[in-house]
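Participant: What follows is the residue order along each chain.
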Amino acid sequence: MKAPPAEPAAAIEPPPVAAQEATPETAPAEARWSVGRHTNVLLLLLALLLFWQFAVPLLVPGYVFPTLETVVDKFAAILRSRNTYVDIFNTTLRIIGGFVVSGLVGICFGVALAMSKRLNATFMPVVRFITGVPALTWVLLAIIWFRSTELRIWFLMFVLMAPIVTINTYDGVRSISYELYQMVLSLGPNKFRLLRLIVLPGATPFVFSGLKVGLSFGGRFVVFAEAMSADSGIGSAMYTMNQTFDIAGIIVWTLLLVIVLAVLDVLLTKVERHWFRWRRDFQG
Amino acid sequence: MKPAIKLTDVGKDFGGTGGKPKRVAVRRVSFSVYPGEVLCIVGKSGCGKSTLVNMMLGLETPSRGSITIDSKPNSGHHRPVAAVFQTDRLLPWRTVVDNAALGLEAAGVSKRQRHDAARPWLERVGLETWGGHYPHELSGGMRQRVSICRAFVLQPEVLILDEAFGHLDEVTAQQLRQDCLKIIAETNTAVIMVTHNIAEALATGHRVLVLGKPAEIIKEFELKAPGPGERKVYPALRDEIFDLIEKQSEYTA
Ligand SMILES: Nc1ncnc2c1ncn2[C@@H]1O[C@H](COP(=O)(O)OP(=O)(O)OP(=O)(O)O)[C@@H](O)[C@H]1O
Ligand SMILES: [Mg+2]
Numbered sequence: 001m002k003a004p005p006a007e008p009a010a011a012i013e014p015p016p017v018a019a020q021e022a023t024p025e026t027a028p029a030e031a032r033w034s035v036g037r038h039t040n041v042l043l044l045l046l047a048l049l050l051f052w053q054f055a056v057p058l059l060v061p062g063y064v065f066p067t068l069e070t071v072v073d074k075f076a077a078i079l080r081s082r083n084t085y086v087d088i089f090n091t092t093l094r095i096i097g098g099f100v101v102s103g104l105v106g107i108c109f110g111v112a113l114a115m116s117k118r119l120n121a122t123f124m125p126v127v128r129f130i131t132g133v134p135a136l137t138w139v140l141l142a143i144i145w146f147r148s149t150e151l152r153i154w155f156l157m158f159v160l161m162a163p164i165v166t167i168n169t170y171d172g173v174r175s176i177s178y179e180l181y182q183m184v185l186s187l188g189p190n191k192f193r194l195l196r197l198i199v200l201p202g203a204t205p206f207v208f209s210g211l212k213v214g215l216s217f218g219g220r221f222v223v224f225a226e227a228m229s230a231d232s233g234i235g236s237a238m239y240t241m242n243q244t245f246d247i248a249g250i251i252v253w254t255l256l257l258v259i260v261l262a263v264l265d266v267l268l269t270k271v272e273r274h275w276f277r278w279r280r281d282f283q284g
Numbered sequence: 001m002k003p004a005i006k007l008t009d010v011g012k013d014f015g016g017t018g019g020k021p022k023r024v025a026v027r028r029v030s031f032s033v034y035p036g037e038v039l040c041i042v043g044k045s046g047c048g049k050s051t052l053v054n055m056m057l058g059l060e061t062p063s064r065g066s067i068t069i070d071s072k073p074n075s076g077h078h079r080p081v082a083a084v085f086q087t088d089r090l091l092p093w094r095t096v097v098d099n100a101a102l103g104l105e106a107a108g109v110s111k112r113q114r115h116d117a118a119r120p121w122l123e124r125v126g127l128e129t130w131g132g133h134y135p136h137e138l139s140g141g142m143r144q145r146v147s148i149c150r151a152f153v154l155q156p157e158v159l160i161l162d163e164a165f166g167h168l169d170e171v172t173a174q175q176l177r178q179d180c181l182k183i184i185a186e187t188n189t190a191v192i193m194v195t196h197n198i199a200e201a202l203a204t205g206h207r208v209l210v211l212g213k214p215a216e217i218i219k220e221f222e223l224k225a226p227g228p229g230e231r232k233v234y235p236a237l238r239d240e241i242f243d244l245i246e247k248q249s250e251y252t253a
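Residue numbers (our numbering), protein chains in the order written: chain A, 1 to 284; chain B, 1 to 253.
Keep in mind the hints are simulated off the structure, nothing from the lab.
Cβ coordinates follow ideal geometry from the N, Cα and C atoms, glycine included.
Be aware that one or more of the hints could be misleading.
[Said to hold, decoys possible] Some chain A residues judged to face chain B by a derived CB distance under 7 Å, without partners named:
no.	residue
1	182
2	187
3	201
4	278
5	280
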């Protein structure tokens with residue numbers, strides 16, 4: 001966490017001045033974390049915690065929703081166990097693995113569908129159909145088709161995430177300005193350089209949103225798959241808690257999963273920010 | 001001397017398949033442009049000028065006729081034909097120097113070499129300190145200068161300016177046009193300048209072609225000395241061309 005700037009953007013270096021030109025814009029001051037900017041969120045969180053601590057025990061019995069203290073104690077207990085970290089590690093690995101494989105396949109497939117009319121006519125209906133199949137169907141099929149729990153999970157991740165990335169990439173390529181595309185074509189690049197110079201970078205805004213949706217999808221379904229079949233991971237831990245009616249445990253594991261997903265999302269956003277450094281962003 | 005580019009009875013139709021009616025975009029156009037020569041093409045909006053440009057760039061195939069480009073191998077030219085378009089068409093995710101060198105990147109030239117080739121051109125148009133910036137940090141006129149660099153870096157035999165200055169204010173357009181003409185004269189490039197500004201055509205061209213709608217040459221004017229860019233605009237000639245273009249009826253298929 002960075003300290004807030006002592007003097008907000010006081011000494012801006014004069015940008016290079018070209019003959020008669022307006023000076024280039026100074027880069028917007030890097031967004032810094034500060035208590036001031038997050039007051040509202042912190043207040044909301046505090047209000048929720050107070051409500052949980054004082055109002056919830058009066059409204060419902062502990063076996064329906066545990067008290068704040070119970071959950072905090074449970075959290076501490078779970079964090080003390082070494083197995084917890086193995087579970088978190090396994091789940092994170094499955095999410096990342098599924099994300100990377102589905103991302104790569106989805107991007108390649110999306111580009112191929114956008115570049116070839118024939119592939120598009122053949123496979124686009126298939127992809128759209130797959131996105132319409134309920135996740136439960138995939139879970140059941142995975143259990144019937146695969147004996148290895150790891151394979152089941154990977155299959156589920158792939159089948160849920162890849163079509164999302166595919167369709168987004170496809171839309172991204174279709175959104176590329178035809179004028180820009182023609183300009184690059186007029187420079188006479190080969191197929192590979194055409195992809196690298198315009199098709200892939202032109203599609204990236206859509207690719208990123210596809211990857212983000214895919215990540216949150218995959219992240220939420222991986223625990224589902226783990227609960228169904230795995231003997232390690234956050235999902236299987238939640239399943240164990242469920243069998244002992246341990247609601248506090250379920251809440252703690254949910255928190256852990258949310259934290260893992262948030263960290264991954266922050267990392268992805270960092271990559272996205274870096275890529276989009278050329279863009280003048282809309283700021284509401 | 002051989003012409004740098006030669007069009008013989010070139011025509012282009014659109015549609016005609018899948019139940020769409022056939023539309024003639026370019027009826028029949030023949031001309032040659034020699035190295036160092038500036039040919040201006042004027043014509044009514046929608047008469048097929050951009051279609052003609054796209055065919056010369058190889059982006060569209062002519063329905064009829066042929067286009068021959070005298071490209072000498074190993075002459076230091078990276079592309080036989082390069083174009084500057086009405087809008088800058090810069091890649092927003094590439095820096096100024098990368099955009100200027102884009103044609104060399106498409107040809108597989110190494111990063112150092114292509115940057116070295118692009119820098120002198122950026123310097124020529126007064127953008128030497130802007131190489132590391134992104135297009136959105138530049139004004140419209142500066143961006144158009146980058147796109148001009150992108151064309152000149154390729155050292156083409158034929159340079160096509162499709163309304164290249166049409167987007168700019170008059171003063172900037174004038175300066176940029178003069179700069180371009182200087183470079184063109186130095187490099188002995190054949191230039192095809194598409195414009196709907198008759199005064200611009202008369203001030204810059206060695207020859208002016210007036211196109212009908214759909215495109216065919218209805219009149220050709222030879223403009224003799226003094227050199228392009230220094231000539232005064234002949235009001236009478238301007239009016240004559242204006243009338244010629246105005247008379248072109250709206251084309252309906
Ligand atoms: N890809 C296309 N498919 C079908 N018709 C087209 C296509 N491109 C151009 N046309 C048609 O060809 C004709 C000529 O268009 P073109 O863009 O070449 O005109 P232009 O002379 O450049 O006009 P302007 O001065 O307004 O730019 C127009 O009637 C246009 O509708
Ligand atoms: Mg046009």
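Participant: Each hint: holds or not?
Facilitator: Hints and how they fare:
At its closest, the beta carbon of residue 182/A sits 6 Å from a beta carbon of chain B; the interface hint therefore holds under the 7 Å criterion. A hinted interface residue such as residue 187/A counts as satisfied when its beta carbon comes closer than 7 Å to some beta carbon of chain B; here the least separation is about 4 Å, so the hint holds. Satisfaction of the interface hint for residue 201/A is found here, the shortest Cβ-Cβ separation to chain B being roughly 5 Å, below the 7 Å cut-off. Interface restraint check for residue 278/A: the shortest CB-CB distance to chain B comes to about 4 Å, inside 7 Å, so the restraint holds.
Evaluation of the residue 280/A hint against chain B yields a held restraint, the C-beta minimum of about 5 Å falling below 7 Å.
Every hint from the earlier list agrees with this structure, and none is contradicted.
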